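> Just so you know, the protein sequences line up as chains A and B, in that order.
At position 225 of the first sequence (counting the first as 1) the number is 225 in this note's numbering, and the numbers step up by one without a gap.
At position 215 of the second sequence (counting the first as 1) the number is 1215 in this note's numbering, and the numbers step up by one without a gap.
Keep in mind that the hints were calculated from the coordinates and are not lab data.
The model shown is predicted, which means the values in this text are computed figures rather than measured ones.
Be careful, since some hints might not be right.
[Said to hold, decoys possible] Calculated cross-link-like contacts (lysine to any residue; reagent style SDA-like; alpha-carbon spacing at most 25 Å):
id, chain 1, residue 1, chain 2, residue 2
1, A, K266, B, K1203
2, B, K1208, A, F154
3, A, K278, B, T1081
4, B, K1153, B, F1142
5, B, K1203, A, R160
6, B, K1208, B, F1142
[As the list claims (entries may be wrong)] Only some residues are given here: those of chain B computed to face chain A with a beta carbon under 8 Å:
id, residue
7, I1010
8, K1012
9, P1040
10, L1128
11, F1174
Built from N, CA and C at the ideal position, the CB exists for glycine as well.
Below are the chains, spelled out letter by letter.
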Amino acid sequence: MVKDTKMKQKKTETAYCLGIESTADDFSVGIVSFEGKILANVIDAYLPEEGGIHPREASRHHAEVADRVLEETFAKSGIKPSDLSIAAFSQGPGLGPCLRTGATVARALASYLGIPLVGVNHCIAHIEIGKLKTDAKDPVTLYVSGGNTIVAAFDSGRYRVFGETLDIALGNCLDVFAREAGLKQKKDMPFGAVLEKLALKSETLVPLPYTVKGMDTSLSGLLTAAVALLRKDTCALEDLCYSLQETAFSMVTEVTERALAHTEKKEVLLTGGVAANKRLQSMVKVITEEHSARFCVVPSEFAVDNGAMVAWTGVLAFTHGMVTPVEKSFVKLRWRLEEVEVPWVT
Amino acid sequence: MGNVKLPQLIKKGAEASLYLADWHGRRVIIKKRLPKIYRPTVLDEQIRVYRTIHEPQLMHEAKKAGVPTPIIFQVDVVNTTIVMEFVEGKQVKVLLNEVESAERQCVSFTVGESIGKLHAHGLVHGDLTTSNMIMASDGKVFFVDFGLGEKNKELEARGVDMHLMNRALQSTHFRFAEECFDAVVNGYSRVVGDRVAKSVLDKIGEIKRRGRYVAERKSSE
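If we strip away everything but chain A, and leave its shape as in the complex, we get (with noise of 0.2 Å):
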């Protein structure tokens, strides 16, 4: 086995980290190779008949996708197992079964081949492939998903939090929303997508809370407020989806802008599932070029979670002496974006 992997380096002269994310509703796995070359990024979402995501069979939909996704993900890297470097997971935050049914495969990986296993916080992973595929050096970042509303920057060996949701993320409030209404996800049109093409056929604005507390913004009841008009009936549908989206999004724009002339940084960085959104990116825009700033927005492959973010985090933290032992590998249900030093950026 040493054997071979030493032959193996001397071949190909390159190292691989393989990734897996499993923190939600998607299971993902990633190779990435240690310069930051993007070898596979195979994705699988579950999606429930009705209904947000159920822990337990989002969890049992990872385990009966992990086999195939992973022989997918070698056969697009057009690698093999015993290339790999290193194992990298999401090891939080996110929900226990889904986490650890990721941790478990990886754990069973990196164990089988005998290479070191990385646990990576999503959050961190999501902020490290946009800076990797935007080439952004010191951002602001506004990471918008389905469980997560933060605006952090990078100060002294961390990524600081300046604002964040006080109650539900901005994927949440979209998708509660899109449920709400009775609209349909498929498999390439989530409810974001749905939502986005609806407002695009509207340009009347209902009135709806406008929250914004310091850099902070509260959504829960912007989300009350629009399915209370939704169940009045009172409203057209596209002009309810047009106003919820302008509303929540002038929101995190108003406190990206605030975390920009407050840090004076000369970067804005757009990532997580709702980055897709073309209007919330059109907005961030506006606010990057008023501060002369550079506007960066992660591909739309890169946005949702995906496999590839997680083996880039792994490689960065890897090669700056961060590995997990295997009885340290538990998954962090809660694990915050600034408990954890990232020694890479300076």
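Please arrange chain B on chain A, whose structure you already have, making use of the hints.
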């Protein structure tokens, strides 16, 4: 500063630009809320007009509560512009990084007292960061930027206000955030009393636990 050509843009903030200007022989700050073209015009106007009207009202109320705020000279709702006194001094944000621990705590204590006075008077500031506080040359700590404030006596609003103060310290002054926040809480308790202070602190815990990924949640599960 005597030779500076006025008006001079001194800060381009997120929602307003601040100009230092000469106004009828006085040195003033002109705060202009410029249109934000990223959001729909109707919404943008509503927000700017609302904040332009409310900010001076709240600053006036804050004075009544005993918290120093700049004197308002003129409010122009149509142009969403406020003319106010220029307070010469140092931002608390800068000050905290320059002084020794004892003085840091002293300043934080004063800040806490002022927050207590606002809350006791039924006001919340809405954007308590150390960049919105100025230590004047006479030692008074001026509070500015009341654009997100409101008249609100609810425990929830006070809790959010203090939570924001804590977050601002954690993100901007992480090296001594705990020390400063403890002093803020002490100053706050001095004004509102231990019982109210305790309920506000409990509320902060509750507000934090509402977030999805927070360690504090563990204890309540």
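> The structure should be examined with respect to each hint, and the outcome stated for every one.
Verification of the supplied hints:
1. Between A/K266 and B/K1203, the direct Cα distance comes to roughly 36 Å. Violation of the 25 Å bound is thereby established for this hinted pair.
2. The hinted pair formed by B/K1208 and A/F154 meets the criterion: a straight-line CA distance of about 22 Å does not exceed 25 Å.
3. Among the hinted pairs, A/K278 with B/T1081 is inconsistent with the structure: their alpha-carbon atoms are about 32 Å apart, more than 25 Å.
4. Among the hinted pairs, B/K1153 with B/F1142 is consistent with the structure: their alpha-carbon atoms are about 22 Å apart, no more than 25 Å.
5. Between the alpha carbons of B/K1203 and A/R160 the distance comes to roughly 23 Å, so the proposed pair stays at or under 25 Å and holds.
6. The suggested pairing of B/K1208 with B/F1142 is violated, with an alpha-carbon distance near 28 Å, which exceeds 25 Å.
7. The restraint placing B/I1010 at the interface with chain A is violated, with a minimum CB-CB distance near 13 Å, outside the 8 Å limit.
8. Interface hint at B/K1012: satisfied, since its Cβ lies 7 Å from the closest Cβ of chain A, which is below the 8 Å cut-off.
9. Because the beta carbon of B/P1040 sits about 5 Å from the nearest beta carbon in chain A, less than 8 Å, this interface hint is met.
10. Because the smallest distance between the Cβ of B/L1128 and any Cβ of chain A comes to about 7 Å, under 8 Å, the interface hint for this residue holds.
11. The closest approach between the C-beta of B/F1174 and any C-beta of chain A is roughly 7 Å, which is under the 8 Å cut-off, so the hint is satisfied.
In terms of the numbered hints stated before, the structure departs from hints 1, 3, 6, 7, listed from lowest to highest.
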